Amino acid sequence: MNKKILFLIAFLTISFGSFQISSAQSFDFEKLEKIVSEVSVIINMKVEYSFGAHTNEQEERYLGSVVSEDGLVLYNGFTLSGDNPISALTGMNVKTTTSEITVTFLDGTEYPAEFVGVDRFSKIGFIKIKADDHKFKALKFISEKKYKVGDWVALYMLLPEYVQPPLSADVGMISTLIETPEEFPLIVGFNTLQMTSVLFDENLNALGVLGQLSDPSQSNTDQAGMIESFGSFGMPLLGLITENRIAKMIANPPEKGKTDRGWLGITLQALTTEMAEFWNLDITGGIIINDIASNSPAAKAGLDVGDIIFEVNGQTVEVNKEEKVPIFQRKIAEMGPSAAVEFTILKRTDDKVDTTKVLATLEKTPMTATDSPEYENEELEFTVRDLVFSDYLYHNLDAESFAGVVVSELKSGGVAEIEGLRYGDIIQRISDQEVTSVGEVEVVMDELVEQKVAEIIFFVWRNQKTLFVNVKTDF
Amino acid sequence: MKFLFPILLIFTMTTANAVATANAAPDNSTQKKIFSSRDKVMPALVHIQPVIKNYATGEMEKQAVVGSGVIIHADGYVVTNYHVAGKAERIICTLADKEIVQATYIGGDPMTDISVIKLDLSNYKNKINIAEFGDSDSVQVGQYVMALGSPLSLSRSISFGVISTKDRYFSSNVRLPSGERTGRYNLWLQTDAAINPGNSGGPLVNLDGKIIGINSRAQTFANNIGFAIPINVVKAVVAEIIDHKKVIRSWIGLHCQPLQELEEYFGTNVNSGVLISSIDPGSPAEKSFLKAGDIILELDGQSVSARFVEEVPFFYNIIAQYKPGSEISLKVLRNDETFNFEVLTKQLGDLQGEDFESKEWGFTVKEITRQMQVDHQLDDTHGVLVIGVKNVGVADKGGLRRQDVISKVNDTEVLNFEEFIATYNALTIEKVEKIMLTINRSGAIRHVLLDITKEEGNDKDE
Chain A
36 MNKKILFLIA
46 FLTISFGSFQ
56 ISSAQSFDFE
66 KLEKIVSEVS
76 VIINMKVEYS
86 FGAHTNEQEE
96 RYLGSVVSED
106 GLVLYNGFTL
116 SGDNPISALT
126 GMNVKTTTSE
136 ITVTFLDGTE
146 YPAEFVGVDR
156 FSKIGFIKIK
166 ADDHKFKALK
176 FISEKKYKVG
186 DWVALYMLLP
196 EYVQPPLSAD
206 VGMISTLIET
216 PEEFPLIVGF
226 NTLQMTSVLF
236 DENLNALGVL
246 GQLSDPSQSN
256 TDQAGMIESF
266 GSFGMPLLGL
276 ITENRIAKMI
286 ANPPEKGKTD
296 RGWLGITLQA
306 LTTEMAEFWN
316 LDITGGIIIN
326 DIASNSPAAK
336 AGLDVGDIIF
346 EVNGQTVEVN
356 KEEKVPIFQR
366 KIAEMGPSAA
376 VEFTILKRTD
386 DKVDTTKVLA
396 TLEKTPMTAT
406 DSPEYENEEL
416 EFTVRDLVFS
426 DYLYHNLDAE
436 SFAGVVVSEL
446 KSGGVAEIEG
456 LRYGDIIQRI
466 SDQEVTSVGE
476 VEVVMDELVE
486 QKVAEIIFFV
496 WRNQKTLFVN
506 VKTDF
Chain B
156 MKFLFPILLI
166 FTMTTANAVA
176 TANAAPDNST
186 QKKIFSSRDK
196 VMPALVHIQP
206 VIKNYATGEM
216 EKQAVVGSGV
226 IIHADGYVVT
236 NYHVAGKAER
246 IICTLADKEI
256 VQATYIGGDP
266 MTDISVIKLD
276 LSNYKNKINI
286 AEFGDSDSVQ
296 VGQYVMALGS
306 PLSLSRSISF
316 GVISTKDRYF
326 SSNVRLPSGE
336 RTGRYNLWLQ
346 TDAAINPGNS
356 GGPLVNLDGK
366 IIGINSRAQT
376 FANNIGFAIP
386 INVVKAVVAE
396 IIDHKKVIRS
406 WIGLHCQPLQ
416 ELEEYFGTNV
426 NSGVLISSID
436 PGSPAEKSFL
446 KAGDIILELD
456 GQSVSARFVE
466 EVPFFYNIIA
476 QYKPGSEISL
486 KVLRNDETFN
496 FEVLTKQLGD
506 LQGEDFESKE
516 WGFTVKEITR
526 QMQVDHQLDD
536 THGVLVIGVK
546 NVGVADKGGL
556 RRQDVISKVN
566 DTEVLNFEEF
576 IATYNALTIE
586 KVEKIMLTIN
596 RSGAIRHVLL
606 DITKEEGNDK
616 DE
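Those protein sequences? They're chains A and B, same order as listed.
The first sequence begins at 36 in the working numbering and counts up one residue at a time.
The second sequence begins at 156 in the working numbering and counts up one residue at a time.
Worth double-checking, as some hints may not be accurate.
Here are a few chain A residues that sit away from chain B, every Cβ distance over 12 Å (derived from the structure) [unchecked claim]: (1) 61; (2) 139; (3) 379; (4) 401.
Some chain A residues near chain B, calculated using beta-carbon distances under 7 Å [claimed, not checked]: (5) 302; (6) 313; (7) 326; (8) 431; (9) 492; (10) 500; (11) 502; (12) 503.
The set of hints was computed from the structure by calculation and includes no laboratory data.
These numbers were taken from a predicted model, which means no experiment stands behind them.
C-beta atoms are modelled at their ideal positions from N, C-alpha and C, and glycine is treated no differently.
Work out the full structure: start from the sequences and follow the hints.
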């Protein structure tokens, strides 16, 4: 019902938009439709949303575009971006699981596909067609294009299932070229239902996809300074996600369980103009290093707590208020692991300020709560995940001496829930056997299920204390 | 068909109620007992209006509250709840004869939620009445009781009911409005005699006119589920408060869990042993190498056990009653072998520290005690804990938040509460306009710049 209303609104917006601008552009839609038809697929998938013990399964349908010959498809992954690793630490996240994914080309050929992942910043989702050695025709984006206000762009969107043919064209216009927080050609004439549709110029070149600019001040960042996403509150600013960002994702798709983002390993704070003034510094902004994770790239590079980063690779860090910190964090994340970065820093001592350059080699962001491997035990109806770096920070645990696995899901009314395990419990021992990874849990649980033991004793850490939970089984 | 059951249920309940009312109508002798009990306790009932200080909003705000109490000593000592009169600065009491007298705060114990105040009788012309303590151990479930006090500030009210249960357990995670954990060392009497806000601190009495409990909490959204602290607990606590202003307890830093469902796993006998489930970091128990999973069989030669959760507070209390600094000998079962451990107890200390309002800077802080250090997982008791930040005040604009620990003011280290106040006073007198606070937030340091010139009120002075 809601979907229908949304489509109605979309249609009104589309017709209204087209009416306004129909006289100004000149697209050869006959040709464009042919190009689009060859690389477009209709994606059908089942998505299970779970929040705590509540689950809801839904069938979803998207327009996808084939972007590699081996069958990588990009689509709007927004609905699957509820998997927020930051809120997963506190149990306030919506967990999503996809299944039964198929893609259907417009000529009717159908293939099974598998979920790959969603890019947390752009919300572009990726799936991979399962068709062994088949070579698909892939869309090629053009690079290095200069944009100007007034340029026309066109896209195709997917119509509801009861309509044939399935695709409908629309046009929009570049209305301004946003410079910060990131370069982003803003486009008017489109709506959020068209997100991730491929955008074409009047020469029918694929430029990129329709995306949304988010507010960096609403970002999700954890204690380790690991940024996960920018917020998406308020009025959506739609525009062009350009080829250079998409090409990086295609070359290295954001797989679930893979965290190929750059990481420095500092806890940070903005150097506000007022603070710079208070400390008599000659700079107007920067990043104050407040903590450094042990063995992190920052520690290895010799950065110190209290250092102020004011240049990255020779470029000034224009962070002069807390709201701008995520821009710096995202920049580091997007540089990718193994990037060599030169930081220019200020070191403040009692009565003098020194400037030095420090070269650091970024590393992969540590595993996040939603990316960490999971194990589900069907007999006792609970799921655990590995303890990740952020858990240690969030709960203030000692990484050297503390180990366990985190209860990440409990079936409502299931054995484990009734017998007293709780979401977020960190299981340290199962019937006398220490467990430090989901792999170990699987081995121990398999043994206990096979032995048909009458009770399993979990030694768990909960609310800063430990306790024993006796789970009676009915194997 | 679906609706039939609930309707029947309501019907049954109404009928049962009618029958119950008819049966429960007190016969003459019961009515006489109620009257006689009332006459013994009612004259000692006190309506208490303390003014307490609230620091939670970032400013010190005075708050008038209402509670109940009962006179227990000819010198004018009144027992009430800690959450009524704890740390109150001005206490106005209305006695049963409607005369108003002032009272002073003597001391209190947040763990049992008991405090003692003393009436100022210098201008009181009449003679005060004293209520007598009964024996809460001999209370029986189903026994008639009356709750006396000022429900919703309606003074001199009596409600009537029975003891619903006498060993109600609450986890010690419950906190008083002022933030202290409470209830670790006692069980509760549960009654259906109506207890409402304002009844707090009032007496629960038997039909002999003796106090068997101090009413202190009720279940919200429930019908007549109220709880009183058993008077035998109160007696000991009150005696200590009158002597030392507070209750001094021993602490070794262990937490226990009932053994009932774990006897087979640990290979223990029924009603034998107390299971240690958790050990506080840095506590005497940790220093003595006790571990979670150890089962304490004997404490100084006496067998101990906690098979059910209701037995756990009693065990905690045995340890608490040692004089701080005592050595306790524990016989412990670990992996089917028994070992002896000696643990040197420490004083439990204050659950919460003193409060202070940094008025010019727009926030309030609390002294960090050792129990708070354990509670907040801090490395030490250094610094002060921010407990309130005034909305759009100087500190709020600078980015200070509740739960931050201030470790430095400008370049001055803040080792403790007194040093913070001294530094604050010095900088305020000097009218220093910009102050850099170094704080600890979730394990990492941060800087907060206070720009006093930005404060609205200060603009006018310029």
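Consistency of the hints with the structure:
1. 61: For residue 61/A, whose nearest Cβ neighbour in chain B is about 53 Å away, the distance exceeds 12 Å, so it holds.
2. 139: holds, 44 Å
3. 379: holds, 20 Å
4. 401: Non-interface label on residue 401/A holds, nearest chain B Cβ at 16 Å vs cutoff 12 Å.
5. 302: holds, 4 Å
6. 313: holds, 6 Å
7. 326: Check passed: Cβ of residue 326/A comes within 4 Å of chain B, closer than 7 Å.
8. 431: holds, 5 Å
9. 492: holds, 5 Å
10. 500: holds, 4 Å
11. 502: holds, 4 Å
12. 503: holds, 6 Å
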